[in-house]
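Colleague: Chain residues, written in single-letter form:
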Amino acid sequence: MSKLRIENVSRVFPPVHGGQPTRALEPTNIAVGDNDFVTILGPSGCGKSTLLRLVAGLDTPTTGQVLLDGRPVTGPGPDRGMVFQSYTLFPWLTVADNIAFGLREKGVPAAERTRIVDEWLTRVGLTAFARHYPKQLSGGMQQRTAIARALANNPAILLLDEPFGALDNQTRALMQELLLGIWERERKTVLFVTHDIEEAIFLATRVLVMTARPGRIKADVPITLPYPRHYTIKTSPEFSALKARLTEEIRAEAVLAAEGH
Amino acid sequence: MKPLAPVSNTAKVLLGLAFFVLFFAGWAYATLGGYVSKTFLADPLTMLGDGRMLIVQYGFLTDIAVTIWRVVGGFILAALVAVPIGVLMGTYKPIEAFLEPFVSFARYLPASAFIPLLILWAGIGELQKLLVIFIGSVFQIVLMVAVTVGSVRRDLVEAALTLGARDTGIVARVLIPAAAPDIFEILRLVLGWAWTYVIVAELIGSSSGIGHMIIDSQALLATGQMIFGIIVIGVIGLVSDFLFKAANRALFPWSLA
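Protein chains in written order, with the numbering used here: chain E, 348 to 608; chain X, 11 to 267.
Note that these hints are calculated values from the structure, not bench results.
Beta carbons are placed, not taken as given, at the ideal position from N, Cα and C, and that holds for glycine.
The reader is advised that the hints may include incorrect statements.
What the hints assert, rightly or not - Pair ranges (Cβ atoms, derived):
1. Lys255/X x Gln483/E: 34 to 40 Å
2. Ala458/E x Ala182/X: 18 to 24 Å
3. Ser18/X x Tyr574/E: 52 to 58 Å
Hey, can you work out the whole structure from these sequences and the hints?
Modeller: Here is the structure:
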């Protein structure tokens, strides 16, 4: 059975100032298996973030429904952890308290909370920064904390909305490896939105390519590269072939997006 | 000088002091030099002498204490009422829609215009003075707190929602802590305005306080005493500002740039 089912989900935004309504997302069907790492690849403005927000319950679909473990999504909840592109750590909490936020809301006892937080601090390599405030951290560290904060809550599925989009290339590569390492151990179901082709292939068991607005799934590409993946895989012929194929798919959409809007 | 280039700490303090020195020098030059009649403006030395006399002979320190208690008392009452209402308005849009028009209207009612009415209602005792401060501050705080809470970054709220926070969690552990430094800053600002209301309240129907001393001195044409009173208010304002800023730094270290 699928972990996550997106059934006929569409999103139309109401018109602004008497203009046309915006069809952000055409009716879409996706089934995500348990433990899958699915990346959604598309040009900017293609509705991929809208799709993720619908899964998170931060937005309501115009038609259709999202089912997680067979239950319809009606609003945001701790079973769907999310990492945003913008830095959304709570600036008044230390790194450790940020990671503990969801556990505290859930009413996890203090001792248990400390144990889980320490564990996640170690996994994302921020033990030395536990008592730092977010603004004292680099962008990469902030996103590592955000990933730890989402996963400490033990969600059924992890949603990531271009989490490394604002980072420099070198940091981004390291963050991809860190996330992949965590996934290879935890085998969480992951939905990861990105516009970076290499990132999409390197991380995923499956890449969904989206069309330019109105958004629609254009291609469903399984990535059969073996895990654990080492960064050197990015220079392998298989990887290059996938990259060439996805580049073609996405280029056509990027051209459309650039012309049409 | 270059646009927006920073200034060193020493230079900052010295420059700030320099203007005070310049100001007093100009004042001394105009009065001691005989360019302004003593009837209208006392010179700095007379002012200091009058101040000494006020404190030593006329118990002016009691007046200062009474005025401080009135401002702080009325202001704390206003803050206790206004901050929770402001938080509720900023959080829940129906409450904002219900109260905002009235509060906006009430905000423009000058506190000083209420003084005759308040004397009628509450007499000329302490309650009346507290009410003037209260009316002058409460609506301002409500509106500014509501705006601050309402403009907390939406993505922080969304992040909390995906972490399982419910309504009370959002208010208590996201909106309030996020807005707290700004709420503190609002209180600092409004406390400054409260000082102008208290003096007006004391000018009319009062038998103690700094404002009362100033109006008494006017009858005697004692400009030195009047100016001393005004300067005392300024100094108290400076001190309270400093305390607020220090408290803000201590309470919210995370918000510092």
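Colleague: It remains to establish, for every hint, whether it holds in the given structure.
Modeller: Against the structure, the hints come out as follows:
{"no.": "1", "hint": "Lys255/X x Gln483/E: 34 to 40 Å", "verdict": "violated (21 Å)"}
{"no.": "2", "hint": "Ala458/E x Ala182/X: 18 to 24 Å", "verdict": "holds (23 Å)"}
{"no.": "3", "hint": "Ser18/X x Tyr574/E: 52 to 58 Å", "verdict": "holds (56 Å)"}
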